[in-house]
Amino acid sequence: MNGFEELEKELRSLRPDDPSGEFEVKVEQALGDSGRLAVSQLPDLDSEASPDPPPKSKNLVLAGFSLVGLAAVIFFALFPSGLTDTGAEAGFLQALPLRDPVPSASVTKEDDSSPLHGVSSEELSLTLENGWSEPWSQEILLEVSDEGVIERPGMPPARKYRYQYLDETIWTNPGANTFIRSSAPRQEVLLIGLEPLE
Amino acid sequence: MNSSSHTVHSQPIWKSWFAKHGGKLLLFARQQARCPDDAEDLVQEAFVRIWRLYGHTGEVAPGLVYRAIRRLAIDWARSLDRRKIREQKVFADTPFASSFERELERDERNRALLQAVDGLPPEQKEVLTLKIWADLTFDEIARTLDLSLNTVASRYRYALAKLKDRVPATLKDEPKAPYPHHDS
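Chains as they are written, first to last, in numbering that gives the first Met the number 0: chain H, 0 to 197; chain X, 0 to 183.
Hints are computed from structural coordinates only; laboratory data are not their basis. Please note that a few of the clues may not be correct.
In silico EDC-like links for lysine to aspartate or glutamate, alpha-carbon gap of 20 angstroms or less [said to hold, decoys possible]: (1) X:Lys19 - X:Asp74; (2) X:Lys161 - H:Glu4; (3) X:Lys19 - H:Glu4; (4) X:Lys161 - X:Asp117; (5) H:Lys8 - X:Asp134; (6) X:Lys19 - H:Glu27; (7) X:Lys163 - H:Glu5; (8) X:Lys19 - X:Asp40; (9) X:Lys124 - H:Glu4; (10) X:Lys19 - H:Glu21; (11) X:Lys161 - H:Glu9; (12) H:Lys159 - X:Glu139; (13) X:Lys124 - H:Glu9; (14) X:Lys124 - X:Asp164; (15) X:Lys124 - X:Asp145; (16) H:Lys159 - X:Asp138; (17) X:Lys19 - H:Asp17; (18) X:Lys161 - H:Glu21; (19) X:Lys124 - H:Glu7; (20) H:Lys8 - X:Asp40.
Here are the in silico distance ranges between beta carbons for each label pair [what the hints assert, rightly or not]: (21) H:Trp135 - X:Ser78: 40 to 50 angstroms; (22) H:Arg158 - X:Asp164: 37 to 47 angstroms; (23) X:Ala60 - H:Leu165: 15 to 25 angstroms; (24) X:Ser78 - H:Glu21: 23 to 33 angstroms; (25) H:Ser182 - X:Arg110: 45 to 55 angstroms; (26) H:Arg161 - X:Lys163: 11 to 21 angstroms; (27) H:Arg158 - X:Asp74: 14 to 24 angstroms; (28) H:Leu141 - X:Tyr157: 34 to 44 angstroms; (29) X:Gln114 - H:Asp17: 16 to 26 angstroms; (30) H:Asp32 - X:Ser15: 15 to 25 angstroms; (31) H:Asp16 - X:Asp164: 54 to 64 angstroms; (32) X:Ser78 - H:Glu146: 16 to 26 angstroms; (33) H:Gln137 - X:Tyr157: 47 to 57 angstroms.
Note that the structure is predicted; figures quoted are calculated from it, not measured. Beta carbons: idealized from backbone N, C-alpha and C, even for Gly.
Model the full assembly from the supplied sequences, consistent with the hints where possible.
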């Protein structure tokens, strides 16, 4: 195999052409909302180093900012005192002219039972006293996919099914004519063991 | 609210993922589809399906998309209208090297290598493509192509052996000036 290493290295050095811009736009349109579920947001200290996003993605960027902004507004509206007992560093958010330390993602404990990121279910339940009605939840099955038969060490093979759900919860406050909707994607994997033929 | 010069660079994760893998997916899809238009459709369909399933996690294993391309190509080839199109197309319409136009411009050595790859039997070429350019493991390739691990590994070895034989040794040693120059 030794004689092939150089050849492999040489082949790897050849890079296939990138997809055309038109094709990327087609893919973006086909992806629709699912293309915006995962967004990377990185603080960039040198704004000149990061060029402006291309015009066609500006709407996506705005949508991303809107979601983050909305989450922040909801958080501070529900908990005006904030998590003031935390003194951990808050990155570039420390530049904000606030008297109390700013809660950051690194100090916010994630509560799996709460559908709102950064808000525990206990904190959420307190809001019900302020005119919020009981939340309404639904589970939407998006897709079921059969991923074929998988091998399991020491066990018979199994057929693998993946279920994609969207968990939606809606809180309403009729008095304030306000509602909060939380949508969280979730997936479950089901393994059905296959019995060997006798 | 914040007067500092900090900015936030934000973009959907699929874009960086696609920038990294899109060209390789197209390369594989061209071999499966034999027709450039079908190749783009294959990549789009497969990628969108998989990203809708797993994209929210922010990471998608490339092997899943390659496998989806493969299965879609088989499904499409079975459908009547696409079969007609496929039969009308000549295999040589989309030589392997056409996916590397940028590389072809560089030197003769690259051209010779890519032409040699193009001359491989399709079953060896697809294994080589998945191993070299898609960077999949033999296990992932076996699952993508529904083959045994041994078959995949032997096809890969055969492919490399053929390439080694077919690419002229002179080009190997002297990629820039393969043949002596005679001015007179």
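Okay, the hints, checked on the actual structure:
1. X:Lys19 - X:Asp74: 27 angstroms, violated
2. X:Lys161 - H:Glu4: 14 angstroms, holds
3. X:Lys19 - H:Glu4: 24 angstroms, violated
4. X:Lys161 - X:Asp117: 11 angstroms, holds
5. H:Lys8 - X:Asp134: Answer holds: Lys8 (chain H) to Asp134 (chain X) is near 12 angstroms, not above 20 angstroms.
6. X:Lys19 - H:Glu27: Roughly 15 angstroms between the alpha carbons, so the hint for Lys19 (chain X) and Glu27 (chain H) holds.
7. X:Lys163 - H:Glu5: Holds, because 10 angstroms separates the two Cα atoms, which is no more than 20 angstroms.
8. X:Lys19 - X:Asp40: 18 angstroms, holds
9. X:Lys124 - H:Glu4: Satisfied, since the Cα-Cα distance of roughly 18 angstroms is no more than 20 angstroms.
10. X:Lys19 - H:Glu21: 17 angstroms, holds
11. X:Lys161 - H:Glu9: Distance of about 15 angstroms is within 20 angstroms: holds.
12. H:Lys159 - X:Glu139: This hinted pair holds, its Cα atoms lying about 16 angstroms apart.
13. X:Lys124 - H:Glu9: 16 angstroms, holds
14. X:Lys124 - X:Asp164: Within the cut-off at roughly 15 angstroms; holds.
15. X:Lys124 - X:Asp145: Since the Cα atoms of Lys124 (chain X) and Asp145 (chain X) sit roughly 15 angstroms apart, the hinted pair holds (cutoff 20 angstroms).
16. H:Lys159 - X:Asp138: At roughly 17 angstroms apart (the allowed maximum being 20 angstroms), Asp138 (chain X) and Lys159 (chain H) satisfy the hint.
17. X:Lys19 - H:Asp17: 9 angstroms, holds
18. X:Lys161 - H:Glu21: Not satisfied, since the Cα-Cα distance of roughly 37 angstroms exceeds 20 angstroms.
19. X:Lys124 - H:Glu7: 14 angstroms, holds
20. H:Lys8 - X:Asp40: Roughly 31 angstroms separates the two Cα atoms, so the pair is violated.
21. H:Trp135 - X:Ser78: 40 to 50 angstroms: 43 angstroms, holds
22. H:Arg158 - X:Asp164: 37 to 47 angstroms: 43 angstroms, holds
23. X:Ala60 - H:Leu165: 15 to 25 angstroms: 22 angstroms, holds
24. X:Ser78 - H:Glu21: 23 to 33 angstroms: 25 angstroms, holds
25. H:Ser182 - X:Arg110: 45 to 55 angstroms: 52 angstroms, holds
26. H:Arg161 - X:Lys163: 11 to 21 angstroms: Violated, since Arg161 (chain H) and Lys163 (chain X) (Cβ atoms, about 42 angstroms apart) do not stay within the stated range.
27. H:Arg158 - X:Asp74: 14 to 24 angstroms: 20 angstroms, holds
28. H:Leu141 - X:Tyr157: 34 to 44 angstroms: Cβ of Leu141 (chain H) to Cβ of Tyr157 (chain X): about 43 angstroms, so the range 34 to 44 angstroms holds.
29. X:Gln114 - H:Asp17: 16 to 26 angstroms: 22 angstroms, holds
30. H:Asp32 - X:Ser15: 15 to 25 angstroms: 18 angstroms, holds
31. H:Asp16 - X:Asp164: 54 to 64 angstroms: 27 angstroms, violated
32. X:Ser78 - H:Glu146: 16 to 26 angstroms: Distance hint for Ser78 (chain X), Glu146 (chain H) holds at roughly 23 angstroms.
33. H:Gln137 - X:Tyr157: 47 to 57 angstroms: 55 angstroms, holds
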